[in-house]
Amino acid sequence: MTVASSSPPSRLPLSGAEPLEPTKKGRARARGDGPVAALFIAPAMLGFLVFLLWPTLRGVYLSFTRFNLLTPPQWVGLDNYVRMVNDPIFWDSLTVTVEYVVINIGVQTVAALAIAVLLQRLTRSALLRGIVLTPYLMSNVVAGLVWLWILDTQLGIGNEIVGALGVDRIPFLADETWAIPTIALINVWRHVGYTALLIFAGLQAIPDDVYEAARVDGASEWRMFWRITMPLLRPVLAVVLIMTVIGSFQVFDTVAVTTAGGPANATNVLQYYIYGSAFGRFQFGYASAMSVALLVVLSAITVLQYRLTRAGRSDLG
Amino acid sequence: MRLRTLTALAGALTLSLVTGCAQGGGTGASSNTVTYWLWDANQLPAYQACAKGFEKENPELDVRITQLGWSDYWTKLTAGFIAGTQPDVFTDHIQNFGQFADLKVLEPLDDLGIDDSAYQPGLAANWIGKDGHRYGAPKDWDTVALFYNARMTADAGLTPEELNSLSWNPEDGGTFEKAIAHLTIDRNGRRGDEPGFDRHNVKVYGLATGGGGYGDGQTQWSNFAASAGWDYLDKARWGTKYQYDSRTFQSVIKWYFGLAEKGYMPPLADYNVQSNQQNTQIAAGKAATAFDGAWMISTYAGFKGKDIRTALTPVGPTGKRATMMNGLADSITKASRNKEGARKWVSYLASDTCQKVVGGYGVVFPATPAGTEAAVAAYRKKGIDVSSFTEPVADKKRFRTFSYPIASYSADMTALMQPAMEDIYGNGKPVSSLDETNDQINLILSQ
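Here the protein sequences come in this chain order: A and B.
Going by our numbering, 608 is the number at position 287 of the first sequence; the sequence numbering is gapless.
Going by our numbering, 966 is the number at position 119 of the second sequence; the sequence numbering is gapless.
None of these hints come from the bench; they were simulated from the model.
Mixed in with the good hints there might be a few duds.
Not everything, but these chain A residues come out facing chain B in the computed CB check (under 7 Å) [claimed, not checked]: (1) D473; (2) Q475; (3) N586; (4) R602.
Note that CB positions come from ideal geometry on N, CA and C, so glycine has one too.
Looking at chain A on its own, in the form it has when it is part of the complex (with noise of 0.2 Å):
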């Protein structure tokens, strides 16, 4: 635990001769700077403001209204609030998306890594990490449909062959047990190039010299992946985790093209059903409050990765 604070940020150019104190030409070329970068930021900036800050605050003012987007929005206090904690649709939704993402970060997770590990050690070939991110450059929506027709309970192909194994047919998508796993899966195969990438360059900071020595010492691949990868990657790792377990919440796609929440809620995950509250029923303040506790779990979730992960720190010093 106490690896990374103990050891000096040796790369930081602050222990060479440069003085502490700007000199005056330097704060003037700062001060030039200045605009610029400003100007820089402006575009960004601007979109943050437009299309995050300002929709945030209001859907949380939103939250404690009766809304339906055609007439002004009314004041009802914490009514939604207390409409959403005795809603056991709300909950069941809660748990189907708590389900998914947990079955689609663990795979998914084990299997970049394990992508990203073969990438690094057994092979240099772009084309093979061309082909790993491919499903990735298919939409959600196209690969969605793609997947829904090949596991069509009836009709599917997926299906065609169960069924020439001589094995009952697996309503994939249409059964109560099978939805959620097979969607979280669908988005395994889409997304999991792309997490292994992510890992891969990570994988590509850990110096080589570590392994040499550790090869010197006779360690196996496995012992060498457990002591020396998996620790050294810890923090790209956690950044991949912050960044798949938000992205994996926030399923809807998916869902809105293989089952529409179906079968009887069994994929009604938290942002299909408050889209159809929003959307399909016009209650606004509702799907607001259902938002604004949605960001409350994803920015505690955060939180408690960031600090369990201490993915803010390095072990490589």
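Got chain A; can you put chain B on it based on the hints?
Leaving out everything else, chain B in the frame of chain A:
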């Protein structure tokens, strides 16, 4: 110099971002354009022909038609209402009408002079809102019938006459269930009514599945429930209490989904609203018969190598046959930028002149009797007998036609009924669970 260039670049980028946001949609009409949306691609040529006739009569007006698939249509329309990019006129469905009327996004059409008697019975009255104002001009209608694969029924020894004289009841299913059972064939070639029939390994189902049917069961269970004497609501229009807690209704649902347990209809797991609807099951040879609507006539007729015909819905315990008779209408949006032009276009759409042109394409039954006749003739020319759809409308003694449920909060009703029906169909939940769902829906309705 470099700073100035950068400033200019950043400025241009920011500006392009801002203007980029302001664009999009662009459906707003000018004083001489009328924008019109519909969802059925089959009907697009018919309405284009109608628009040509309209533009000839009104040379100063230009009708721009946009066709969007069913689900995109409603999403885009909703977004259009919010963003102000809605069309001037759009094809409206009863399912959404109540909600739109409540949201006050529709223009009253009282001064259009729509005469109820100029249309097939009941169609015009369905578009009067709770507030007594008219919000839609009748456009077309559809009913439901039993599509069947003629080769499969012939192989089973069922004649068209027999298929047209079936009856059913919620106790033993009557001759209808017997026919469906006989049409079902398992993997070993045994029929559903033969000893040793393997209900878990069915090759051809007697009746295709249309899923749980949400809260309306239009092409699933509605004809059975109505021929047993049941109604969706306490009133024909703008009722305040749904009746899913009725014992009659629940006995119908128990029997209907029970067909799947017996192996005569596929389980819910075989159904998918995207990939495997009734018509797909018929096309794939996985089912022998299917209840489906008149809007699907051309689709079924187009299945290559298959002789698909239609029969009437079966006679129920009330002694009558029943089918939903649903009608679409054209509505004008409240925020339309060309209301005068929109009114002219809607009047024309509702006229015999336009409806006869549309009927001539043989893709839909227009709302006026003359339009309907034109459609029947056009279908006949294509070699399609549509009497199973038209008879219920003409003969009120032997048939009961009923409307799609007209009430407020229909989206909430659907959101609650969909999982409830799927739970019964797919997970074997008791039909009495509908009591609670019904209470929840009626609570919302009482607000």
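Quick rundown of the hints versus the structure:
| no. | hint | result |
| --- | --- | --- |
| 1 | D473 | holds, 5 Å |
| 2 | Q475 | holds, 5 Å |
| 3 | N586 | holds, 4 Å |
| 4 | R602 | holds, 5 Å |
Consistency note: the structure conflicts with none of the earlier hints.
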